[in-house]
Amino acid sequence: AQRVTQPEKLLSVFKGAPVELKCNYSYSGSPELFWYVQYSRQRLQLLLRHISRESIKGFTADLNKGETSFHLKKPFAQEEDSAMYYCALYNQGGKLIFGQGTELSVKP
Amino acid sequence: DGGITQSPKYLFRKEGQNVTLSCEQNLNHDAMYWYRQDPGQGLRLIYYSQIVNDFQKGDIAEGYSVSREKKESFPLTVTSAQKNPTAFYLCASSIESAWGNQPQHFGDGTRLSIL
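Listed in order, the protein sequences are those of chains A and B. First residue of the first sequence? That's 15 in this note's numbering, and the numbers climb one at a time after it. First residue of the second sequence? That's 2 in this note's numbering, and the numbers climb one at a time after it.
Take the hints with a grain of salt, since some may be wrong.
[Unchecked claim] In silico lysine-lysine, PhoX-like type, Cα no more than 25 Å apart, as pairs:
| no. | chain 1 | residue 1 | chain 2 | residue 2 |
| --- | --- | --- | --- | --- |
| 1 | A | 87 | A | 29 |
| 2 | A | 109 | B | 71 |
| 3 | A | 29 | A | 109 |
| 4 | B | 58 | B | 72 |
| 5 | A | 79 | A | 29 |
| 6 | B | 58 | A | 109 |
| 7 | A | 109 | B | 72 |
| 8 | B | 15 | B | 84 |
Hints in this document: simulated from the structure, not taken from any laboratory. Quick caveat: nothing in here was measured; it's all calculated off a predicted structure.
Generate the whole structure from the sequences, applying the supplied hints.
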């Protein structure tokens with residue numbers, strides 16, 4: 015079954031601390047993975063995609079096929095990073111499958 | 002200013018009524034999608050359309066209907082058959098590309114509540 019799992023509903027860290035939002039997937043083919051972010055009172059927007067291998071707002075995510083993971087990391091969290099984060103996977107039918115989401119709260 | 006416009010922002014429905022949520026995009030995207038967002042469940046796909054005059058059911062299509070008569074418009078009707086319609090509804094669009102799946106762009110959403 016094609017599935018995306020984000021095990022943490024809520025992740026709370028202090029400003030300046032490292033943050034890692036976990037994402038595991040189940041997919042038989044070669045996955046196309048994304049991280050989307052939804053800031054308070056803003057629309058859901060793309061944060062990064064694994065094929066770009068880029069860093070956006072200090073965030074990076076590496077695809078680990080052995081562990082079937084695509085964790086989102088940032089070495090030093092900022093208060094403005096507080097948001098809802100969704101990991102998503104495109105399946106072979108062209109449908110985007112979302113995880114349940116993780117709410118990141120960065121405390122001052 | 003290009004983007005996806007969903008209206009209305011808030012919608013109230015009486016029991017037994019059908020309501021239609023509007024989604025318009027001026028991005029010239031081929032594909033459009035409707036999702037339902039519930040707390041703790043992420044986004045679930047209701048319907049999607051990859052080309053005008055064609056659409057497919059998503060994972061939770063029961064109680065919903067759509068049409069795609071124009072490239073820029075993809076309205077969603079929540080029918081009285083939908084037993085739990087109270088939710089936040091998101092519309093999205095993306096380019097259809099020969100170079101693989103493209104990121105989806107989202108609207109601001111419509112919050113539907115039952116009176």
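Exercise for the section: Identify every previously stated hint that the structure contradicts and give their numbers, smallest first. Expected result: Hints 3 and 5 not satisfied by this model.
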